[in-house]
Each structure stands twice: as structure tokens, then as C-alpha cells.
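K.L.:
Below, each chain spelled out in residue letters.
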Amino acid sequence: MANKIEQGTPGSGAAVKTARPVARKDMTRAQWVWKEMKRNKVAYLMIAPFLLLFLLFTVVPVLLSMVLSLTDFNMLQFPHWQGLKNYSRLFLGDEIFLIACKNTLVFAAITGPVSYFMSLLIAWFINELPPKIRAVITLIFYAPSISGQVYLIWQTLFSSDSYGWANGFLLNMGFITTPILWFQDADYVMPLCIIVALWTSLGTAFLAFIAGLQTIDRSLYEAGAVDGIRNRWQEFWYVTLPTMRPQLMFGAVLSITQSFGFGAVVTALCGFPSVDYAAHTIMHHLDDYGGQRYEIGYASAIAVVLFIIMLTCNLVVKKLLSKVGQ
Amino acid sequence: MKYKKLRTRGHKVVLNRSKGGDAGIAFFLTIMGAFMFLPMLYAVMQSLKPLDELFMFPPRFFVRKPNLENFADLFSLMSDSWVPFSRYIFNTVFITAVGTAGNLLFASMAAYALAKMRFPGRNVIFKIIVMSLMFHQTVNQVTNFIMMSAFRMIDTYWAIILPAMATTMGLYLMKQFMESSVPDTVLESARLDGASEIRTFWVIAMPMVKPAWMTLIIECFRTLWNTGSSIYIYSEQLKTFNYAIQQILAGGVARSGAAAAATVVMMLVPITVFVVNQSKIVETMGSSGMKD
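Here the protein sequences come in this chain order: A and B. Under the working numbering, the first sequence has 266 at position 266, and the numbering climbs by one with no breaks. Under the working numbering, the second sequence has 25 at position 25, and the numbering climbs by one with no breaks.
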């Protein structure tokens, strides 16, 4: 038993110094936990600054949203309890919210999976290239995601006058006679925003895939070839994917989270509110009520709904991915 | 049974690769590469175009008479601004430097404790941190505003810096990297030699995870560098470089040239930082995987 404690505590210097190790069965669970906590004081000390900030600016705000969503808080008056009134208003009385829900889900359902598979495929395709060429190609694909405001170049490419590249091209070829108002046209706003979002989406997940592919042991492929794998696609399915499952999982989480975070891109490209609410997402609705109208209670309900959608998507996809190659 | 001739690339045997597949992949990469690269190239081209080329019909992709006038315009616009432009630059540099340094210090201490020490609550804390990767921070913007006003941090640098110090992505990457690349035996022998836990962390573990540092720094740097107009800041003299650039961008037709130059300036910094550290980042990402 004492031996087990020693093994279970590789991170403690104290275990070495104590003269007589105490077995776990000698005390109650609470006593044991307390003892372990005292012995690991340093660990708590090291984690404390981060944890404090994390609690204050991530955990507490989430919990606070949940509480405030049940009230009519507006920053000025003392909040009153409203029960689920905000939620019923949201789903039954707010048509724009339903549009926002639809847009958000369409946006995420396209950008999430497409960006994910694009990252995975490109990472896989460049995996066998010589390192220097691979580094250059990685940079080309990754650069748009780190370059901040550069996506505004799409506004120039698709500007609504004839100096924009898209309009210039179409006018010149005679396909159209008057310039198209790309980002002010309800028919084009959504697809264009999705394209731009995809353009900026090869981020951390992409790098994780590249690295994951690099760490796969080559002997696995050789063994696979001996066992009758005939082409690269079979190899990908039977050897590569199961081996890099942890990266697939990490990438999926990032892609999903990212696919719900393109609100700023949309606002920058088509303004707020977008024409006919054609690109209005839940993020915009939240900003509208929280940041402009100060209906904090109602905005909190929106935030909670968005939070639940994101978490559900992530947990469902994680479940699905854990089945890859099993 | 027939033996296929082995294909090689630079003397290395290539298994199971058809030429048709290679061609298909090259084609796909070219198309996608063009989609990714051409807009970036166009941004650079635009910044080098004189005004008459910017407003030309039909628009041309490549610049004919490249010059740096737009950059000169940008700098003269900067020197005309109401708040001295150096102030915007200082703000961005200050926020980025302090936020990144704090994130690096706090996250690596926490990562070490989570990766290399066993204490009650460790798994719960890590699970919550992983969960925080699963939702986008926009969810919190409204309540965070309330938190900030409660702490009297509205319209101070801290409203931007403190949340950035608790970004979980860097912590997550560093913890995973420590687990895979810092052997327990090395730490154990340091402890046997009488080194305190903090000393072991600082002298032994930290130098071993340098690639993870760089990755964390870049993750944090990129977010903070791109901080634009923030709901927490309304004093002009506390606003960031990115915000000032956005104002120039919003300046309409007359400023198109300067705006194109500004875009290039904004993108060059993060790209340069990434290029310098690319190999370290990819190394860190090798252990980024998530267990079920």
C-alpha cells in the first residue's frame, strides 16, 4: 500500500522526505484528501494565479449569464426575477433570433466541417514533401488565419463598384451590365462570408494535424504495407487516422469553437446589421442586446443558448470521433 | 504473385503511392493554394499601386509601376492624428508584452502543476480548462463587461490584459507538451538533490519546454496584436494600433492607398513572428492531442 502511494505521487518531493509513509487505508477519505492537499501546497500555489484569473474572467461570467438570464437586469435598475420569461420571448416572440439561429447553424455546419477536412487533407497531402517545401506551403495556408484584418481584402476584391476585381471581371466579360453589390445583397452575403471565414480558418487545428502526421512512426506504414494495404487511401483510413486520433479530437474541438466565432468577420465585411439580417448570427444578436440596448437579462439568455449549442456540438462530435478506427 | 517495382523519392522507398494519386494531390494543392495565396498577394499588390492604378477599369491584379507612396501616405496620416501615433503603437506593444508575459508565466506554472504533480482536484481543474476550449469567448462578453465594471477596470489596460493572461489554449498546449517531453525521472533526481518544487520547475522543466513557450507566446501575441476597438476602452489615448488602422481603413476612397499599406503593415508582423518560430510551433503541436 505504501508503495502505491509513492508511485501515485511522482510529483511530490515531500513523499521522499517523510520518514514513515502512511497508508491510505489508515484514515478516512476526507482525512486522506486533506493530507494530500497539505502535502501539495506548492501545486496549489503554482496554479493559483492562473486559476484565479480563469475563474474571474471565464467561469464566473458563464455562471453569471445563467443567473442573469432569469432576470430583467439592464445595468441601471436592480434586477427582478423573471423565471424563464426571457427564454420564451427568445423562442416564441423574437423572429430575428430565429433567423439568427438558422444563420448561425448554417454557418457553423458549413465552416466547421469544411475547415476541419480541409485542414486534415491539406496537412496529409503535404506530409511527404521535403521539409523546406512543406514549411513554405504551411505558411501559405496558415498565413490568412494569423494576419488579423487582412480578410478585408475580400471587400476590395468584391467591392460594389466596378473597380472591385470580381465586378471588373464580370463586367469586362459581359456577364453583367451593372456592378453587383456583393456585401449589400442578401443573396450573396452569406456565401461570401462563408468563403472568407473558410479562408481564415486554417489555424491551430491545421498545425496540430501537420505535427500529428509527422509524429506517426514510419514502421507502422511499413507494417501496413506488409499486411496488404494497397494504396494511400487505405493507408490513411486504416493506419494514419486511428494513430492520430488525439489530434483529430483536438482539431475538432478547435474547428467547432471557431465556427461559432466568426461574428467579427461578418460584421467587418457587411456591417451591422447586415442587409435584411441575411448574415445575422446569434453572436450579432447577443451584441445587439448586450452591447447596444443594454438588455443584459435578455442578452444573457442569448449567451446561454449559444453556450449550450457550442458545448452540445463539441460533446456530440467528440463522441463520434472516439469511434474512428475502432 | 507479381512484384511491383518499388517507387522511390530521393532514395527513400515510397510505399503504396500511385502516380495518378500524386497528380491529383498536386492539382488539389494548387487550386487550394491559389485560393489561399492570391488574396494575400493581392493585398500586397494593392499597397504598391499608385492611386490611378487602384481605380482603374478593368482592375488589374499585378501592379505596373510599383512604388512606396502609399506607405509614405500612411506615415503622414499617422503623424497628423489627434493622439500621437506613437501612443497607439505604445498601447499595442504594452498590452501585447504584459499580457503575453503574464500568460506565459501563469500558464506554465499551472501547466507544470497539472502535468507533473498529483494533487486532489487536478483532474477536475483540467477538465474545466478543456471544457473552456469548447466555447467561444464571445459568449462571455456581456457578463465580462459587468465583471470589469465591478472591478473598476473599464477604460484601463487591465480590462484587456487580465483576461488574456488566463487564456487556456497556451496552458493546454504547454501541459500536453510537458507530459510528453519532460521525463519524470529527471524531475525526480532534481528533487532528490534537494531542489524545491518551484526550483525544479524553473531550472529543469522550463528550459526543456522552450518550443511550447514560443507557441504560447505566439498564440497570445496574435490575439493581443489584433486587438482592435474594444468595448472596455473608450479613451482615445488608450486605444490600440489596430484600432487606429481601422479608422484609416474606414476613411473612404481618398485613403484607399494608405489603407492598403496599413493592411500590409498589420499582416507582416504576425507572419514574420510565425516564420521565425515555425519549427518550434509544429514541434509543440505534436503533443497537442486530446484523449477521449
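Each hint should be verified, as a subset may be incorrect.
Stated by the list, open to error - Simulated DEER-style distance windows between Cβ atoms:
1. A:K318 to B:S229: 42 to 50 Å
2. B:T272 to A:E128: 43 to 51 Å
3. A:K38 to B:I231: 38 to 46 Å
4. B:P120 to A:K132: 44 to 52 Å
Calculated directly from the structure, the hints in this document are not laboratory data. Keep in mind that this is a model prediction, so the values were computed, not measured. Every residue, glycine too, gets a C-beta built ideally from N, C-alpha and C.
K.L.:
Work down the list of hints and note, for each, if the structure agrees.
P.N.:
Hints versus structure:
no.	hint	verdict
1	A:K318 to B:S229: 42 to 50 Å	violated (35 Å)
2	B:T272 to A:E128: 43 to 51 Å	violated (28 Å)
3	A:K38 to B:I231: 38 to 46 Å	holds (43 Å)
4	B:P120 to A:K132: 44 to 52 Å	holds (49 Å)
Violated hints, in rising order: 1, 2; the structure is consistent with all others.
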